[in-house]
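Starting from the known structure of chain A, arrange chain B on it as the hints suggest.
Line order of the protein sequences matches chains A and B.
All residue numbers for the first sequence refer to our numbering, where the first residue is 1 and numbers rise by one.
All residue numbers for the second sequence refer to our numbering, where the first residue is 1 and numbers rise by one.
Just to be clear, a hint being listed does not mean it is correct.
Because identical chains share one entry, a pair is satisfied inside a single copy or across any pair of copies.
Here are the computed lysine to any residue pairs in the SDA-like style, where the Cα-Cα straight-line distance is at most 25 Å [unchecked claim]:
(1) K361 / G81
(2) K238 / A151
(3) K12 / S344
(4) K12 / T334
(5) K238 / V374
(6) K238 / T348
No wet-lab data here; the hints were simulated from the structure.
Protein chains: 2
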Amino acid sequence: MDALRQDEALVKALRRARPDDDIAEVAARVAWNVLVEPGDAVAGALIAELGAEEALRFAFADDGGSLAYQRRSRALRDALGRWRPRASVDAVRSAVTDAEHVAATLLLPGDGLWPESLDDLGHHAPTMLWVRGDAAVLTASPRASIVGARASSTYGELLASEFAGDLAASGVVIVSGGAYGIDGAAHRAALGVGGATVALLAGGVDRAYPQGHQELLGAIARSGAVVSEVPCGTAPSKWRFLSRNRLIAALGQATVVIEAGWRSGSLNTAGHAASLGRPLGAVPGPVTSAASAGCHRLLREYDARCVTTTAEIRELWGEPVRDQSANVTDPELTRLLDALPTRSRASTQELARRSGLAPDKVTALLGLLEVESVVDRRDDGWRRISTRDRG
Amino acid sequence: MDALRQDEALVKALRRARPDDDIAEVAARVAWNVLVEPGDAVAGALIAELGAEEALRFAFADDGGSLAYQRRSRALRDALGRWRPRASVDAVRSAVTDAEHVAATLLLPGDGLWPESLDDLGHHAPTMLWVRGDAAVLTASPRASIVGARASSTYGELLASEFAGDLAASGVVIVSGGAYGIDGAAHRAALGVGGATVALLAGGVDRAYPQGHQELLGAIARSGAVVSEVPCGTAPSKWRFLSRNRLIAALGQATVVIEAGWRSGSLNTAGHAASLGRPLGAVPGPVTSAASAGCHRLLREYDARCVTTTAEIRELWGEPVRDQSANVTDPELTRLLDALPTRSRASTQELARRSGLAPDKVTALLGLLEVESVVDRRDDGWRRISTRDRG
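Chain A with its partners taken away, still in its complex shape (with noise of 0.2 Å):
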């Protein structure tokens, strides 16, 4: 702590970015975010006790107290065996002004802006994010993540253009990962309707990853933001991928999957909507494309819901949906229409016997369907007028 405090690059830097804040904190914060890989427990709640700055002198001291401590916690003990390789001013000091370099901001738990929506990951929320563009958006709702397989398909694409296109034309943010096949397609559905978009990367928000998203990544800081909980100059890693996708699931109020393979991803990100109690969507497709079988699985395996349009997405966080299903059969109604000739003239007691019905509800209800001019009567007897759908 005190080696951070006495680097005057590194105040400087932060001053530049923390005008207002208490310097000593915001350095601790981004110790840790240099420290820690994403979703460490163990720092997350020694953070939580004590404040960044605090955990980070206690975790460093050589004092009694600390050994106390370690003796008493294995995983405190452990933390430190991996800490401490890590422990660096001069990385803390790159973090910093790498981020200041692409005009990425700080953003730390508790500023107006930080998503409360990540608390929700406990302990293993981000110690921090950083963010190229407007952090505005990560508050900004309703928020839908809307994620599936970079190996999509025509289908899948089309379907992630339209439903991304649709909520973000209406003001949802949609949320994703900015990578090839969905994610993309519904990136740029967002912004081609001047909707707000967010970007959660793997690795540093100085990095275009992957590289032939440079620009749309541009374009997403430009009028979104395109976010990241570790440091600039981080490359992204398997395991860094998998981190990143509670963080997607996490920031929507749902998650949606449009197309998923078998071992997709996006069954990760799902998975961790599913263990958030976020409402999860997935979409249905041909049982034949194995771009729709993490879908399917999703709806087997993971209890998610069958969406199929942007009204049923909506849905998902509690938007009602019009209902279609009205379709109200009235038993003794459908055998008398069954048993009406259309051509030829029946009597009121052969249409009795014809529809099973007594002979007085057989009345009843030609009345009925008189007023509503569905059947006429003459003295030779009853006709069905309109004709409906049989079967």
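Frame of chain A, contents of chain B only:
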């Protein structure tokens, strides 16, 4: 009842049909079958209480006891109103002789081959069945009901063929409704592999409905069974289609809907299956296909199980599915693998820094990976041998 026993032609026809049985009881069963529309619960309850013969005597007696009962029971009084217009010895005789002309047999509750699964319908169970073909297939097991849209797509027909063919080839009886589209594809696939299939018709078994399925229904009758609960000569009507659907749902040990429009009759079958507690499967399809809209509705509103393979269909009636979901990730191993270079080499200390793991943890994991030949060690450090898919 007396009028029935005095009709010589009827008695003779019944003796030919059921040489070993009490003719009065059989005559009464057929009489009830002619009197009521499918699913008449008042008739069902009365027959369950008194037996077919006594119930008939009771319902049509003009004595005080019956009148007293009628006063007590409004439902029975109403029922008599709808039964009486149909009371006709001619109709009962025609039912028996028409069946004889198409070699249809009478199957009565209590017969050895009576499918007891229909008894789950309670008082809505059929009063009897008319069977062309081999009634034994109705009690063979397992039985899967495979139904769907008449306006099916190539996608749906291919799946119906594949699923029904696979299942029938391994001894599953395929139950369906004999209609165009999915039903026809399922029946044909079962016949194609030499399997057993049952067509449950809404009209009499002497009528090919639809007309274009005359040959198909003939083939089903030759190797399986064509079945109806209404007597020969009865036209299919909307009411009878809806009623027939409950038999499809009750006869199968599980019901699978392959394709269905938003208001398809298959949803009615599915609803019956669900209310009978039978497992219900729905095959997903493109959300852009109207022919799959009903299946998606079943997934959303009826809690149907998403089924995409024959194995998943078998699982509906309890056959275990091979678990393909073992995909456990050891987070620490993932992080170490992420950190290991493939072209250069790294020291244990360097790997600890990169992975965010403690050096002794890195050493332990490297030892395991060395045994599995995933890494190799030299004096200048560690290297990963095999490459794996990233992200």
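Structure-based check of all given hints:
{"no.": "1", "hint": "K361 / G81", "in the structure": "between (85 Å within a copy, 9 Å between copies)"}
{"no.": "2", "hint": "K238 / A151", "in the structure": "within (17 Å within a copy, 46 Å between copies)"}
{"no.": "3", "hint": "K12 / S344", "in the structure": "neither (97 Å within a copy, 37 Å between copies)"}
{"no.": "4", "hint": "K12 / T334", "in the structure": "neither (82 Å within a copy, 37 Å between copies)"}
{"no.": "5", "hint": "K238 / V374", "in the structure": "between (67 Å within a copy, 17 Å between copies)"}
{"no.": "6", "hint": "K238 / T348", "in the structure": "between (76 Å within a copy, 20 Å between copies)"}
Figure legend: structure checked against the earlier numbered hints; hints not met, in rising order: 3 and 4.
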